[in-house]
Amino acid sequence: MRVRFKSSYDDDINLFEDRWHLLQFGLLLAAAVVAPWLLGSYYLGELTSVLIWALAGLGLMLITGHTGQVSLGHAAFMAIGAFTNLALMLRGWNFFPALIASALVSGVIGAIIARPILRMSGIYLAIATLALSIIIEDVAIMAAPITGGVSGLFAPTIELFGVQADRYGDPAMFYYLCLALLVLVTLAYLNLLRSPTGRSFLAVRDSEVSARALGVNVARAKTLAFSLSCAITGLAGAMYAHLVQAVNYESFLVLISITLLLQVVIGGLGSIHGAFFGAIVVVMLPQLIAITRDLLNNSFGISMASYPGMDTAVFALIILLMVIYEPRGIYGIWIKVRTWLELFPLYRKGMFRRSRTYLKTERMR
Amino acid sequence: MSLLQVENLSIAFGGVKAVDGVSFSVEPGEVFTIVGPNGAGKSTIFNLISRLYEASSGQIIFDGQDITHRPAHDVARLGIARTFQNIELFDHSTVLQNLLIGRHSRRGTHWWEDLLFLPKVRRSEREHRRIVEEVIDFLELAAYRDKLIAGLPYGVRKVVEIARALASQPRLILLDEPASGLSVEETQNMAWWIEDMQKDLGLSVLMVEHDMSLVSRVSDRVLAVAEGKPLALGTAAEVQAHAKVIEAYLGTEAAS
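As given, the protein sequences belong to chains A and B, one line each in that order.
If you read the first sequence in this note's numbering, its first letter stands for residue 1093, the second for the next number, and so on.
If you read the second sequence in this note's numbering, its first letter stands for residue 198, the second for the next number, and so on.
Next up, chain A with everything else stripped away, as it sits in the complex (with noise of 0.2 Å):
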């Protein structure tokens, strides 16, 4: 067991908890950088998709899981960063201003929808921002000047510094690409979470009487976190169109909505960890799925082609055992994992049972 020996202020705030901490981080981005010349172009396409899940999956993650207000809407965000990347980049624009201007105009756009929408919590929350996804698909086709109509818009190619890093013509450079701003994010976002900022969403997320007594101006923070939240995503989704090559009103469907949701859920609520872990799962649990379908038709003669839809019947299978038995998500998994090596003979069972927590009523309304 190691144990953390403490002698300034800096080690609570820096980044890496000390020279092993940061070693483990090297060492993944170390795996990830190498990743395109063990992995063929199937694989790497896989990879690259994960990491485009988990950047959308931090942007839910800021709003839901760390400052607590559900968010159905995010695929409307991802089509709002899509088709500012897209049009503008067919209007000539370079790939990075492109790519800003998308974190900006899905931020800008965010921070509008906030202040009404984050007046409401709970359930109706979630009614409000579902509504955004259903909207949303109906404002691609009408603003067809901009989004191309039903027809949608074809991603141009990316060419940075007389560099290609497009989807199909050389995948390893769209891969490090996604890579470089994954990194870039998840930077900020941890920048976020050790500074006031960061903290006062969490204030918000516990308690929002305690966070107004306490001098947080919660309806400010709240909006700022949806705000930022919508930027991430907006990213997300002009990564996403880059990947899919083409866009239209039926590529950011409620489905997308909610599978954000779930990987959010899944990976664990609250944490950077889980966004990560979530996209793994979403992206490559469906490939799991027809992988050992496959194995089971070649090797045992077991049909399975028989059963349509049995996959997502897995897959909302694992989805439902996983919110019983492990409402924490992967990243309990993960934590318990972690401890029971860290002190290994010594884990105990009872160590992570959850003390009882109280529903909080909303009584200062």
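To be clear, the hints were calculated from the coordinates, so they are not data collected in a lab.
If a hint is listed, it holds; no wrong ones were tucked in.
Here are the simulated BS3-like pairs of lysine-lysine, each with C-alpha atoms no more than 27 Å apart in a straight line: (1) B:K426 <-> B:K214; (2) B:K344 <-> A:K1428; (3) A:K1098 <-> B:K317; (4) A:K1098 <-> A:K1428; (5) B:K344 <-> A:K1098; (6) B:K441 <-> B:K426; (7) B:K441 <-> B:K214.
Partner residues aside, some chain A positions facing chain B, computed with beta carbon under 8 Å: (8) Y1101; (9) L1284; (10) P1288; (11) A1295; (12) V1301; (13) R1304; (14) G1307; (15) V1308; (16) L1316; (17) G1362.
Now the in silico label distances, taken between C-beta atoms and shown as ranges: (18) A:D1102 <-> B:D271: 26 to 36 Å; (19) A:E1434 <-> B:H307: 30 to 40 Å; (20) B:A209 <-> A:R1440: 46 to 56 Å.
The structure displayed is predicted, hence computed values, not measured ones.
Just so it is clear, CB atoms sit at the ideal spot from N, CA and C, and this is done for glycine as well.
Start from chain A and add chain B according to the hints.
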């Protein structure tokens, strides 16, 4: 000049006058207690002062400034901190993180600076932590510093909530039933801490409390209220002996 001056304060919820024409003032360095039977409007007075409720009429003046219509989040910056009757801590955070949120009203950075974690942010974080550690020392919370709130005993949570209020470096602290649910020994400690806050930190304390032994021990002045109206004001002994107060608690004496 009084630190806090409440004049003719009233609030009505529908037809119910929860607080009806209450006036009092808290002097610098004073422990002022409000007592009264359940439903007398004591907590409502607190919520009016910390601006969670909007007063129907009357005035609240803190340090010469009229705060009657200030937004709630401004009040902390002026130097009023509070605790809650039912403990409103951030359950999923550690004690240290809770106290750091208590520093929010003293933050000196904007969100975009936080996002980039500029050197300025690191400097102010160090300063926040230094002050929070002083509070941890003051209330002897060092053993719980890195523990999650969700796993702490009730008595400790009460102290953590006071610590969080102190972290904002207030001049006036509002304690809503600091001793409710505490054991005799914990109540004893609470009395010491209230005395320490008054004597060592020079704070003014405004308190709502039922435990009369604690009230008599620490309070300089006591205000009794019932059904939203003020009954008596004076020292703890004077108020306890006041005929109207006895009537409010025990009812009118049967014809004898």
